[in-house]
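Colleague: Protein sequence lines correspond, in order, to chains A and B.
Each residue of the first sequence is one higher than the one before, counting from 1 in full-length UniProt numbering.
Each residue of the second sequence is one higher than the one before, counting from 1 in full-length UniProt numbering.
Don't read these hints as lab results, they were simulated from the structure.
Certain hints may be false.
One copy or two, either will do: identical chains are not told apart, so a pair holds if it fits within one copy or between any two.
To be verified - Cross-link-like lysine to any residue pairs, in silico, SDA-like; alpha carbons within 20 Å at most: (1) Lys-102 - Pro-126; (2) Lys-127 - Arg-194; (3) Lys-36 - Ala-55; (4) Lys-36 - Val-118; (5) Lys-127 - Pro-23; (6) Lys-127 - Arg-167; (7) Lys-102 - Glu-139; (8) Lys-127 - Glu-68; (9) Lys-36 - Glu-68; (10) Lys-36 - Ala-59; (11) Lys-36 - Asp-10; (12) Lys-127 - Ala-13; (13) Lys-102 - Glu-116; (14) Lys-102 - Ala-13; (15) Lys-102 - Val-166; (16) Lys-36 - Gly-49; (17) Lys-36 - Ala-26; (18) Lys-127 - Leu-115; (19) Lys-36 - Thr-147; (20) Lys-127 - Ala-26; (21) Lys-127 - Ala-16.
Please read all numbers here as calculations on a predicted model, not as lab measurements.
There are 2 protein chains.
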Amino acid sequence: MSGARDEIEDLIALMARLPGLGPRSARRAVLHLIRKRAGLMAPLAQMMGHVADTARECAVCGNISTGEICDICADPRRATGELCVVEDVADLWAMERGHAFKGRYHVLGGTLSALEAVGPEELGIPKLLDRIGAEGVQEVILALNATVEGQTTAHYIAETLEPTGVRITSLAQGVPIGGELDYLDDGTISAALRARRSF
Amino acid sequence: MSGARDEIEDLIALMARLPGLGPRSARRAVLHLIRKRAGLMAPLAQMMGHVADTARECAVCGNISTGEICDICADPRRATGELCVVEDVADLWAMERGHAFKGRYHVLGGTLSALEAVGPEELGIPKLLDRIGAEGVQEVILALNATVEGQTTAHYIAETLEPTGVRITSLAQGVPIGGELDYLDDGTISAALRARRSF
Chain A
1 MSGARDEIED LIALMARLPG LGPRSARRAV LHLIRKRAGL MAPLAQMMGH VADTARECAV
61 CGNISTGEIC DICADPRRAT GELCVVEDVA DLWAMERGHA FKGRYHVLGG TLSALEAVGP
121 EELGIPKLLD RIGAEGVQEV ILALNATVEG QTTAHYIAET LEPTGVRITS LAQGVPIGGE
181 LDYLDDGTIS AALRARRSF
Chain B
1 MSGARDEIED LIALMARLPG LGPRSARRAV LHLIRKRAGL MAPLAQMMGH VADTARECAV
61 CGNISTGEIC DICADPRRAT GELCVVEDVA DLWAMERGHA FKGRYHVLGG TLSALEAVGP
121 EELGIPKLLD RIGAEGVQEV ILALNATVEG QTTAHYIAET LEPTGVRITS LAQGVPIGGE
181 LDYLDDGTIS AALRARRSF
């Protein structure tokens, strides 16, 4: 087989690297795309290429953005003095879907892990300290996953921030033990934000 | 939210239209892509755009190809006088993975369906009749799914081809009742091809 089949096999191999798709479902997806190549495949390729070219991490908070600074950091109405610390951009999106938080974010990009050599520097914790002074932050809300790794990281951040005197809270009621933020419904996230308690 | 978020939401909405992906898994996939935008997202977008531009149905058999005629129809070594009729390009790919069939294909693109107004014309059955004369076909192998729709279509084709005097066979041993071709392992497909019987 040459030509067309090779290119389609390459496309299937790339698609199979997406989370949730294996070789078989990638093959089904590619066939579906080829059948709908004008209505779905071409616009998807174009949008994907566009986002690949323009998307980057916000220099301030780590959110996904097309500019140097993301929409949330660029919006003066979000300078409420509240800073919400999340593990991941998916968690930031989950918080935004809840429409309950009006402040800004700090995306860690993971949790502390000795095994994977992820330390405070990799998570941007020194940058978080800088932001507290520079942006006049009065409250840091630790919205980390209720997993062992998330809570360990939350404790570390709380300890690190203690000398600054900033108020440190964490999402409380509603986050189930062992659960992950991105899997919660919007109502639960709102409730947890309203019932936040001192850490 | 404007700009970046809108474009990313559009991308998620397009991804969610793929079979096997819902809104949540599409969001995860897009975040994964954005994280790997240089190594995965950009090449995937490029390859997808390339295939969207170049892929088309082979004018002879209905296989996916980048030219007017697919690799199999263009290969003189595959002019064995055997023609394998399949419902779908996915089934053709499944047959090819079995490496047992050396002839050419005819892709119906579906099964006869009164409800969905799919008749012999839509499935290219008149074209199949033409090919039997034009290509000197001696045997037509009906490799349709072992479903009610597949077998109804197989019976219709067998009846239609009877006046031509061509030998009509069907995949036999190994195809489980109610099963679909694309889900079989390669060995079962090979065994079924070897044990084919007169229809």
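Colleague: Under the constraints set out in the numbered hints, which ones does this structure not fulfil?
Modeller: 1, 2, 5, 12, 13, 14, 18, 19, 20, 21
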